[in-house]
Each structure stands twice: as structure tokens, then as C-alpha cells.
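My request is simple: use the sequences and hints to build the entire structure.
There are 2 protein chains.
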Amino acid sequence: MTDTAARVKISAEVDQHLDAAAAESGTTASVDVNGLNDLLMGTWSDIRRTAREFAKDPALHRRDGLSLEEQRERALGQLHLLVENGSVHRAFPKAVGGLEDNGGNITAFEELVTADPSLQIKGGVQWGLFGSAIVQLGTERHHHLLPPIMNLEVPGAFAMTEIGHGSDVASIATTATYDAEAHEFVITTPFRAAWKQFLGNAGRDGKAAVVFAQLVTKGVNHGVHALYVPIRDENGFLPGIQGEDDGWKGGLNGIDNGTLAFDAVRVPRENLLNKYGDVAEDGTYTSAIDSPGRRFFTMLGTLVQGRVSLDGSATAASALGLAIAIRYGNERRQFTAGTDEEEVLLDYQRHQRRLLPRLATTYAQTFAHDELLRKFDAVFSGAEDTDDDRQDLETLAAALKPLSTWHALDTLQEAREACGGAGFMAENRLVGLRADLDVYVTFEGDNNVLLQLVAKRLLTDFSSKFKNADAGALAAYVVGQAAEAAYHGTGLRTVAQTIRDFGSTARSVKELRETNVQRELLTDRVETMISELAGRLRPASKMSKKDAADLFNSQQNELIEAARAHAELLQWEAFTRALEKVEDAGTKQVLSWLHDVFGLGLIEKHLAWYLIHGRLSPQRAQAVTAYIDRLLARLRPHAQDLVDAFGYSQEHLRAPIASGAEAVRQEEARAYYRDLKASGNAPVPEKKKR
Amino acid sequence: MTDTAARVKISAEVDQHLDAAAAESGTTASVDVNGLNDLLMGTWSDIRRTAREFAKDPALHRRDGLSLEEQRERALGQLHLLVENGSVHRAFPKAVGGLEDNGGNITAFEELVTADPSLQIKGGVQWGLFGSAIVQLGTERHHHLLPPIMNLEVPGAFAMTEIGHGSDVASIATTATYDAEAHEFVITTPFRAAWKQFLGNAGRDGKAAVVFAQLVTKGVNHGVHALYVPIRDENGFLPGIQGEDDGWKGGLNGIDNGTLAFDAVRVPRENLLNKYGDVAEDGTYTSAIDSPGRRFFTMLGTLVQGRVSLDGSATAASALGLAIAIRYGNERRQFTAGTDEEEVLLDYQRHQRRLLPRLATTYAQTFAHDELLRKFDAVFSGAEDTDDDRQDLETLAAALKPLSTWHALDTLQEAREACGGAGFMAENRLVGLRADLDVYVTFEGDNNVLLQLVAKRLLTDFSSKFKNADAGALAAYVVGQAAEAAYHGTGLRTVAQTIRDFGSTARSVKELRETNVQRELLTDRVETMISELAGRLRPASKMSKKDAADLFNSQQNELIEAARAHAELLQWEAFTRALEKVEDAGTKQVLSWLHDVFGLGLIEKHLAWYLIHGRLSPQRAQAVTAYIDRLLARLRPHAQDLVDAFGYSQEHLRAPIASGAEAVRQEEARAYYRDLKASGNAPVPEKKKR
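Going line by line, the protein sequences match chains A and B. Take 1 as the starting number for the first sequence in full-length UniProt numbering and just add one per residue. Take 1 as the starting number for the second sequence in full-length UniProt numbering and just add one per residue.
For the record, the hints were derived by calculation from the structure and aren't laboratory data. Any given hint could turn out to be false.
If chains are identical, the list can't say which one is meant, so a pair holds when it fits in one copy or spans any two.
[As the list claims (entries may be wrong)] List time: in silico DSS-like cross-link candidates among lysine-lysine, alpha-carbon distance up to 25 angstroms:
1. Lys56 to Lys688
2. Lys218 to Lys677
3. Lys94 to Lys218
4. Lys542 to Lys688
5. Lys605 to Lys218
6. Lys687 to Lys545
7. Lys275 to Lys94
8. Lys56 to Lys9
9. Lys56 to Lys218
10. Lys218 to Lys688
This is the structure in C-alpha cells:
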């Protein structure tokens with residue numbers, strides 16, 4: 001059979017299956033926009049709606065063209081507006097006027113990204129990092145510190161990262177040495193590389209900081225602990241403190257990032273945030289957690305909410321970008337093709353290919369994020385708070401945050417390009433959002449480092465041998481590398497043995513759309529990759545530390561890819577569960593296509609793997625692409641509904657190109673040519689000469 | 001065989017072949033940095049070196065934190081510095097003091113990207129678009145306009161794009177109607193969508209513009225022509241002219257982009273740039289080119305130099321980004337692994353995977369760009385100036401510009417992320433360069449539209465039937481879609497018939513590194529894709545216009561992918577030719593690895609295609625990845641030399657993270673710990689409890 005004939009046959013089969021499925025369902029594809037919006041708003045939908053309504057306030061919106069000082073002043077003022085609006089207390093203890101509502105708090109926080117990412121992240125520094133560290137790492141003796149933090153009397157910095165150590169927090173060099181005679185800690189920055197760096201609120205506004213330092217008492221280093229340290233009063237830095245301003249950044253310029261250094265700065269013993277480790281007056285160190293490593297990772301684990309909130313915020317930014325680009329793509333026309341009227345951009349296949357699969361991913365992320373948020377809330381509320389629960393939460397966050405933050409950059413860029421020169425204008429929001437979101441892939445855990453954590457969890461899940469080799473060189477290396485606790489639990493999915501024979505049992509193109517087939521293909525890939533990696537890494541336990549490290553390093557790229565595959569599977573599973581909840585038949589039809597575009601898109605992306613491993617025959621592999629093409633064409637008429645269902649209004653989009661102005665201008669041009677023609681004065685085109 | 005055993009076997013084979021090849025050559029891999037630099041500097045190396053030296057001047061450098069007005073003032077001032085330095089006359093006619101050196105002119109222009117992309121593009125608008133349009137589209141009667149343009153007395157805009165029409169220039173709506181009684185053209189903007197848009201120099205500085213408009217005389221529209229139109233004097237816009245400022249953009253904010261509209265603005269008949277079409281006093285239209293379509297595309301073709309220069313500039317920006325990230329990656333340490341000392345980032349496999357393949361692509365682009373520049377110079381100097389030559393040049397530019405501009409964004413972003421939070425600081429250059437380069441993928445021809453042009457050229461090459469169906473629906477559609485002339489010539493490569501049997505003839509892993517094997521694999525893919533596309537599109541010639549358009553649209557995505565494959569092949573060919581020129585054996589060794597990383601990287605990227613089409617067996621497909629992994633490890637020690645060979649100095653990099661400060665800080669920290677240990681006061685780590 002020729003290529004053309006083969007392709008025609010595959011496409012016909014695909015169409016036939018899609019038509020048969022549609023006929024069988026007896027419904028017409030159509031989106032109940034409000035109903036779908038309810039689903040997308042997630043578990044804390046009331047809080048999300050209220051926060052989104054609040055985000056319409058122009059006083060909260062990002063402005064282009066301000067000086068650095070003006071941007072910072074504006075962001076600080078916006079934080080005060082949040083305080084006035086009662087938007088910041090939700091996660092704090094009831095004892096100090098909070099609500100102890102962790103899920104609701106993150107939900108509301110995420111919505112701020114549509115107003116101004118600088119506002120969002122500066123608020124995140126103040127209440128989600130600085131204030132939250134005191135709640136999570138401190139004890140009741142620190143509750144008196146919270147009210148002025150909540151009402152912004154004391155803006156503060158979260159002083160963890162140093163110039164020399166970012167991802168590897170365990171190796172920071174700042175020390176907090178206990179002076180048993182003075183009952184004080186002495187905080188010292190020993191050299192330039194130990195300066196705290198990139199700290200929001202350090203450049204200008206911060207009056208205090210939670211400082212992470214190696215806790216030394218009685219000549220013993222007990223590892224990284226956190227202390228509350230005043231840094232500035234109305235006259236500037238306090239004695240012994242110095243700092244520099246980070247100046248202009250690629251985005252988020254409303255935040256006053258800067259450095260801090262400490263020259264034998266003394267704070268009272270009580271300033272140690274002592275939930276996981278304490279020092280008595282005489283200098284005796286105590287901790288409920290014996291293992292220094294486990295203690296460190298437990299402390300770090302309390303900071304997971306940053307990753308959770310970035311996952312949701314990045315997904316919201318992607319949705320916003322697509323809402324702008326798809327609205328514009330639905331109105332903008334360029335070139336004539338089959339008819340006299342110019343074609344709408346979104347009718348071009350390439351334009352669909354550029355935007356609609358990214359829309360499918362954004363839907364998957366939205367559903368996966370709601371599951372993450374619920375898990376987070378369950379753990380932090382204490383409803384599900386075992387070690388396994390916490391580790392599951394951390395793995396989930398470490399898996400989802402990298403994908404969604406990278407997706408945001410990719411989607412905002414594609415949206416920008418899809419809007420052409422207009423997309424490059426700051427007033428249309430896409431370039432500013434992308435610039436601000438850029439660093440979301442780095443902070444709260446570098447994406448590549450986080451995916452390594454996930455891979456390690458999958459490896460430990462896979463092999464109890466591997467897990468029990470804790471004392472061995474490889475595991476030590478893995479832990480060191482990953483800067484995180486050893487994981488337990490059940491992250492890794494397994495598939496039925498039948499998958500091994502899938503290559504021969506899945507005989508028809510139709511099966512590619514079956515949920516279980518997609519599940520098996522996606523699950524099998526993760527399991528096989530991890531199994532192969534475990535096999536290749538097994539010799540490490542008998543190797544020297546150096547050789548084991550080299551072996552591990554030789555597989556690092558594939559480890560990260562395996563983690564990515566796992567995260568994709570988690571997103572796909574969440575989309576699948578959400579789809580099951582949809583009751584409106586027309587919506588379900590459309591959403592099932594979107595779900596298939598996501599699932600088949602993942603398979604298409606990794607098609608070489610499926611072919612090499614014999615999981616798909618070449619013919620069925622071609623059908624994957626044919627399916628996606630056909631599904632995109634069917635989805636195209638519903639694209640506007642699908643972005644409308646995100647529920648953003650013009651006050652959130654704030655992009656002239658998504659305001660309907662394009663269509664108005666086109667109608668004006670049409671009317672002009674109609675009138676010109678009617679007047680009889682229209683010039684005629686030059687005749688073609690032979 | 002288990003996966004592990006199979007992989008070990010493949011990797012061993014790969015190592016064996018690499019070792020054997022190294023042994024056979026009898027040389028030690030090492031880079032002659034200066035010699036390689038000579039090769040990379042290209043054909044106009046003297047001019048490039050001089051321009052690069054000039055670009056060190058701090059007065060020309062981009063500054064962060066300036067207001068919009070200050071940025072524009074600075075960019076305008078920088079343009080005057082270019083005039084003073086005699087940097088802008090090179091391409092102008094000798095009759096007005098120019099040198100008529102087109103290749104040298106673009107070479108020098110490209111180097112400006114390291115100083116400030118705003119300066120570069122504002123200069124490009126002034127001399128490369130506005131001034132050049134008068135040279136290329138005007139005649140001697142317009143030469144008097146050039147001196148004040150060259151010396152910047154008359155800054156000007158290139159007024160082609162309209163709000164309603166960007167890619168589809170043929171459909172612009174501004175009219176220039178000849179008034180035979182007054183011997184004047186009347187220029188009119190009929191409605192809002194016809195306002196000229198995104199014009200550099202329109203917002204603030206421009207005193208004149210080359211305005212593209214539908215030329216109407218005696219009631220006939222002769223299509224798009226260009227006219228010289230004064231727009232502003234010291235008091236602001238001239239009567240009948242209005243315009244708006246585009247305000248802040250995603251980057252390039254030193255350029256005063258804006259809109260222009262014309263309310264029956266009159267200019268003398270002589271202001272028509274009349275090289276390709278003229279209007280006599282009585283209103284009679286004449287042109288040496290009978291076909292209005294061909295005339296239009298001939299006029300547009302003179303603007304190819306914008307695309308040529310962006311290809312080189314984007315490649316230079318990629319090289320700069322990699323020079324920064326690789327230098328930092330070579331010094332920055334994080335996490336300990338096999339030894340007590342922390343690992344250098346570039347020793348991590350993932351880090352190598354992130355940066356070194358992009359380095360290979362940047363090399364390929366550098367070599368491909370020099371070929372493009374030579375072709376451009378040959379055509380514009382008149383040395384090779386047939387229709388075929390011009391069309392070859394246009395295809396080459398349309399193929400290379402999209403890949404290199406996308407590559408720049410991708411590379412600068414990966415470099416930014418590879419430098420972590422430090423990469424996000426404006427002072428380290430990466431975010432600013434990326435923001436400025438963003439719109440390079442859109443202007444001078446949207447990348448997706450350009451690749452469609454290339455695809456059409458490949459289709460016409462493939463099938464004379466297709467080409468001769470000029471009057472048919474499909475060809476008309478293609479032309480309309482592509483907004484460009486039908487191509488002739490020899491763009492499409494063909495391969496020997498033996499390729500069909502490659503799947504069975506290439507028996508060993510070793511063959512993957514053979515130049516001819518890579519050539520055949522890459523060439524075959526383009527040819528097969530085009531052949532398949534032609535087969536699928538063939539029915540279009542017998543279809544209605546609407547159906548033909550629909551059929552074409554259903555293949556649009558694949559058409560663009562085929563064009564991309566062709567462009568990749570062109571880059572690979574250029575790299576291959578450049579490699580042949582290298583005489584130093586050690587350099588040749590290293591460069592051949594880099595070449596293979598590029599070639600095998602292309603094959604890896606499209607591995608699913610090779611598997612589906614039976615061109616590679618699953619086992620050999622796996623060997624592709626194994627080869628790349630092994631080659632990256634061998635390249636790693638030479639990474640610094642390979643970026644040093646680009647020849648940028650600290651005055652070009654201007655990034656503190658690439659200045660060596662990181663290594664100095666590390667040594668300071670090491671000395672501190674050495675002294676602490678020697679003092680006997682170092683705290684001991686907490687003992688692990690069981």
C-alpha cells in the first residue's frame with residue numbers, strides 16, 4: 001500500500017470510530033460552559049470565586065513602565081490591600097486570628113497571578129514563607145511574632161538560599177552558634193559565598209528574617225535550623241547586618257530581592273524556631289527526631305506549600321494566556337484560502353496544533369492541581385498526616401510543579417507568537433506574564449532537581465533491595481544528590497502483565513482511544529523505564545563511592561525523563577477522574593476529545609520509545625498522529641467555550657487583542673469596501689498579462 | 001537479552017568505535033582555539049573583528065532600569081555613534097559615498113546584537129529597511145534622499161505592516177492614488193485596520209517613511225508599491241499624518257515603535273520608488289515586470305537582507321548565551337557525589353545534555369549562516385543574480401531564519417535556567433537578551449509562514465506536474481497562502497536509491513557516525529516527507545477551490561515539519577563542509593564529535609519517523625542515543641574551548657557569573673574551612689543515632 005493510501009485508510013478508520021462513538025452516545029457535542037467552570041474551579045470554588053472577584057481591582061494590577069522604586073512601592077501597597085481585604089490570614093493559627101484553612105489559603109493565593117505575579121510572590125514571601133516558617137517550624141512561644149507579620153507591620157525575608165548554595169540547602173554555610181553564657185545565638189556569615197541571596201523583602205522592606213543556619217552548640221553542628229532575626233528598623237540595617245539590592249531581574253521587579261550577611265549578630269535563645277530541635281539554656285541540644293538527615297528533611301517538608309501554590313499559579317497563567325490567544329485566534333483573519341473571505345487563524349491546522357494540545361495539558365494540570373491541593377490540605381490540617389502521607393504529598397508536588405511551570409513558559413511563549421507582533425506588545429499581557437513566571441521553574445525547588453527527587457522515589461518504590469541499601473554508596477549518593485529524605489509509599493504505578501503483550505493484542509486503531517489502553521501505555525512506560533534504570537544502577541551498591549556516582553550520573557538524564565513520564569501519568573489520571581465526574585453529555589463528549597488529545601499527545605511525544613520497546617506497531621503509531629489531527633478538528637469549534645470555561649472576565653484578561661476590537665475593525669473594513677463598491681468608485685485590479 | 005545487557009552491549013560497541021577511530025587518527029583531541037575562531041569568524045572576518053571590537057564601547061551597551069524615554073534617547077544616541085564611526089555606509093551606493101559591500105555590511109550589523117539589540121534593530125530599521133528600500137526599490141532620482149538618511153539627519157520608518165495585515169502584505173489597505181492634474185499621489189488610510197503598525201522610528205524619531213500602499217492610477221489598482229513620505233518636522237506630525245506610540249513591548253524598548261495613518265496626504269509623483277513600476281505624468285502605469293504577482297514578489301525579495309541578518313544575529317546571541325552558561329557551569333559547584341569536593345555543574349550528565357547539543361546546533365548555524373551570507377552577497381553584488389539565484393537565496397533565508405531565531409530563544413532560556421536564580425538577574429544578560437530576541441521569530445517574516453514558503457519550494461521542486469498546475473486551484477492557494485513567488489531551482493535534495501534499503505544494509509552501530517549515512521538519513525527524510533505530501537495533495541488539482549484549500553490545510557502541520565527537516569539538513573551540510581576545512585587534527589577530532597552530536601541529535605529528535613518508516617531498526621535507534629551520551633562525555637572537557645572559540649571577551653559577555661567570580665568565592669570558602677580546621681575550633685557533625 002502506498003503511503004497516501006495507508007494514510008487515507010488510517011484517517012478513515014479514525015473518523016469512522018469517532019463517528020460511531022458519537023452516534024452511539026446519541027449526543028451532540030457542546031460545552032455547558034458554566035457547568036464545566038464549576039468543575040474547573042475545584043474544591044475551594046467559593047474561595048476561588050471570591051479571590052478572583054477581588055483580583056479585578058485595578059489597584060492590584062501589574063503596570064508596565066514604572067521605575068524599580070515605583071514597582072516596589074506599588075507591590076508593597078498592594079500587600080497592604082490584601083491585609084485590608086482580609087486575604088492573608090487564612091492559613092494562620094486560630095490562636096492568632098487565623099482560620100487554619102490551608103487549602104483555601106493556597107486557592108486564594110493562586111488567583112493573584114492574574115493581577116500581578118510580583119504581588120503574588122511578594123505576598124508568598126511574606127505570609128507563605130516568612131510567616132509560615134514561624135508557624136511550621138516555631139512553637140507557641142513564637143505566636144506573638146505572628147500578628148505584626150499578618151498585618152504587615154513587620155515585612156520579612158525568608159533567608160535560606162546563599163550565593164554558594166541554592167538547591168543544596170543542607171550545605172549552607174551561615175552559622176548560628178549558641179553562647180551559653182549570654183543565652184544567645186551568634187549568627188555569622190563566614191565568607192562571601194555564604195551571603196544569603198535572592199531574598200524577597202531583603203532589598204528594601206524587610207524588618208526581620210527567618211534565617212537558616214548551621215546550628216552549633218557545645219562544639220557540635222546539629223545541621224540546618226531556622227531563627228527569627230530582626231534585620232532593619234526605620235534607620236536601616238541593624239548593627240552587624242549588611243545587604244545589597246539585587247536590582248533588575250528578568251521579571252517580578254515589584255519584589256525587592258537582595259542579599260543579607262551577618263557579622264556576629266546576636267539573638268535571644270528563644271528566637272530559635274524550635275519545633276524540631278531545641279537548645280536548652282545550658283546549650284544542650286534536643287530533638288524529637290534522632291536522625292539529623294530526617295530532621296532536616298522534615299523541616300524542609302513544611303515548605304511544600306510553595307511548590308503546591310506555584311503549580312496552581314502556573315496553571316492559571318497558562319489558562320490566561322490561552323484565553324487571550326484563542327480569543328484572538330478566533331477573530332483574527334489572515335490570507336484567503338478557499339473562499340473570498342480571509343481565514344480565521346484558528347481554522348488553520350497549524351494554529352490548532354499550536355494551541356489546542358496546550359489547552360488539553362492545561363486542563364489536565366487544573367484537575368491534577370486540585371488533587372494536589374486536597375492532599376496538601378489533608379496533610380496540613382492533620383486529617384492525613386502520616387510520614388507516608390507527607391512523602392506522597394512531597395512527591396506529588398515535586399512531580400507536578402516542574403511540568404506546570406515549564407508548561408506555563410512554553411504556553412505563554414506559543415500564545416505570544418500565535419498573536420504575532422500584537423503578542424509582543426506589553427499591553428496584551430503575554431510577554432509580561434512570561435517574564436514574571438520565568439523564575440517559577442527555578443525557585444521553590446529547581447525543576448530538574450525536583451524531578452530527580454521524584455525519580456528516586458520511584459526507584460525506591462520499585463526495589464526494596466534498593467531501598468534497604470540505605471547505608472550503601474548508591475543510596476547515600478541518591479540522598480545527597482536529591483537533598484531530600486528517602487521516600488516510602490506507593491508512587492510507582494504497576495500494570496497488569498497483559499501489557500507485555502499489548503503490541504500483539506491491541507489490534508485496532510480504535511483501541512487507542514480506550515481509557516484502559518492509554519492508561520496501560522502510559523503506566524507501562526514509567527514502570528519499564530524505572531525497572532530498566534534500577535537494573536542499570538544495581539551494580540552501584542558494590543562499587544566505590546566514586547564509581548557509583550559516575551554510574552548514577554551516566555543515567556541522570558533518563559532518570560529525569562522517567563520522573564517526567566510519571567508526572568505526565570499523574571496528570572492524565574487526574575484528567576481521567578475528572579472526566580468521569582462530568583454529567584452533561586455534550587460536555588462529556590467534548591472533554592473526552594480533549595482528554596484523548598492529552599493522552600495521545602503524550603504517547604505521540606514518546607512515540608520512539610513505544611516503537612523501540614515494541615509496544616506499538618508502526619501502523620498504530622501512525623494512527624496516534626492521525627487521531628490527534630482529527631480530534632483537533634473536532635475540538636476546534638469548541639475552543640472558545642473551553643477557554644471561556646476557565647471563567648476569566650475582561651478584567652482578568654486585560655488584553656486589547658482579546659477584547660473583541662479585532663472583529664470590530666474587520667467589520668469596519670468590510671463596510672468600507674461594501675460602500676466603495678456601491679459607489680462605483682472602487683479601483684479594478686490590474687489585468688494579468690500573458 | 002535483558003535491557004541492561006543490551007544497553008551495556010550497545011554502549012560498549014559505541015565506545016569501541018570511538019576509541020578505534022581515535023586510535024586510527026593517531027591524534028589527541030584538543031582544540032586550537034584561535035584556529036577554530038578564524039573558521040567561525042567567517043568570510044568577512046576582518047570586518048567582523050573590527051565591528052566586534054567597536055561593540056566593546058560601553059556607550060553602545062544595553063542598560064537596565066532606564067525609563068522608556070531614556071531608552072529611546074540612548075538608542076538614538078547610539079545610532080549617531082554608529083554614524084560617527086562610519087559603520088552604516090557600507091551597503092549604500094558608491095555614488096552617495098557608500099561601499100556597495102552587502103556581505104560586509106550585514107556582518108558588521110550582526111555584531112551589534114552583543115552590544116544592544118535595540119541599537120541593532122533601530123539601526124536595521126534606519127539603514128537596512130528604510131534606507132535600503134530607497135536603494136533597492138528606488139532609482140537614481142532618489143539618491144538625493146540617501147545622504148541625510150545615512151547621516152541620520154532624517155530618521156525614518158518602514159511603513160509596510162498594518163494592524164489588519166502583517167504576514168499577508170499583498171492585502172494591505174493603504175492606498176496611493178495618483179492625481180494626474182496635481183502630479184501627486186494621495187495617500188489614504190481608509191479605516192483603522194489599515195493603520196501602519198509596529199513601525200520602528202514612527203513613535204518618536206521618524207521624519208519620513210517609506211510607505212507601502214496599493215498604487216491606484218486611472219481607476220486601476222496596480223498592487224503594492226512604495227513611496228517616500230515625509231511625516232514629521234521639528235513641530236511634530238505634518239498635516240494629514242497621525243500616529244500613536246506602541247508603548248512598552250516585551251523587549252527592544254529602545255525602539256520607538258508606533259502606528260501611522262494618512263488622511264489624503266499628498267506627495268510628488270517622483271516620490272514613488274519606481275524601479276519596478278512607474279507612473280507617468282499623465283497617470284500611465286508602466287512596469288518591466290508584466291505579472292502583478294511577480295512584480296510584488298520581486299519587490300519583497302529585495303528585503304531578504306533582514307532575514308539574513310536576523311539569522312546571523314540570533315546565532316550570535318545563542319553563542320553569547322552559551323558562552324555565559326558554559327563558563328558558569330564550568331565553575332559552579334553543587335552537591336557532593338563521588339568525592340568530598342562538590343561537583344562542577346557541567347560534570348552532571350543532565351547539564352551536558354542541556355547545553356552541549358545546543359552548542360552543536362549553534363556551530364551548525366554559524367557555518368550555515370556564512371554560506372547564506374555569501375549567497376546573499378553574490379546576489380546583491382550582481383555576481384550571481386539570476387531569478388534562480390534570488391529564489392535560492394530567499395529559500396535559504398526562509399529556511400534558516402526560523403530555526404536560528406527559535407534556537408536563540410530556546411538556548412537563552414535553557415542557559416538562563418542552567419544558571420539558576422543567578423540567570424534570572426538582569427546583570428547576567430540572559431533574560432534581557434531573550435526578551436529582546438523574542439520578536440526576532442515574528443518580524444521580517446513570521447517563522448511559521450516562512451517555513452510554509454520553504455515547503456512550497458520543496459513541493460514545486462519535487463513535482464513538475466505540481467509546478468505547472470500554476471493556474472490550478474492548489475497552486476493559487478499555495479501562492480496566496482505563502483504570499484511569495486512560485487519557486488524554481490534545486491532546493492530539494494535527492495538521495496540514491498540505496499537509501500530505500502538502508503534499514504537492512506547498515507548493519508553496524510558504527511555506521512551511524514559515517515557522514516554519508518547521516519546525510520542519507522537526513523536527506524531521505526526530507527525527500528520522503530515531501531513525496532508523501534505531494535501524493536496526498538495531488539487530488540487538489542481536480543478539486544474545488546474550497547476543497548483544495550481544506551486538503552492543503554489538513555497537511556499544513558506536516559508541510560511545516562518537512563520544511564524544518566530541510567532546514568536542518570542545510571545546517572548539517574554546512575557543518576559538514578566546514579569540518580572538511582579544519583586542518584588541525586586535534587580540533588578536527590573534537591569538532592567531528594560536535595558534528596555528530598548535531599547530526600545524531602537530529603536523527604534522535606525524529607527517531608519515531610525513522611522507526612515508522614523502517615529506516616532504523618529498534619536496536620540501531622537505541623544506539624543513536626547511546627552515541628550522543630558518549631559523545632557528550634568526550635566533548636565535555638572541551639566545552640570551554642568550544643565557547644572560547646567564538647571569540648567573545650568579557651566586554652561582550654558582561655555577565656558577573658561568567659567573570660570568574662564564582663571560582664574566587666569558592667577558593668575563599670575553601671581557605672576559610674582549611675583555616676578553621678587548622679585552628680582546631682571546627683564544630684563536629686552531630687553523630688547519627690541508631
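Inset, instruction - Kindly indicate which numbered hints from before are broken by the structure, ordering the numbers from low to high. - result: Of the numbered hints, 1, 3, 5, 8, 9 do not hold.
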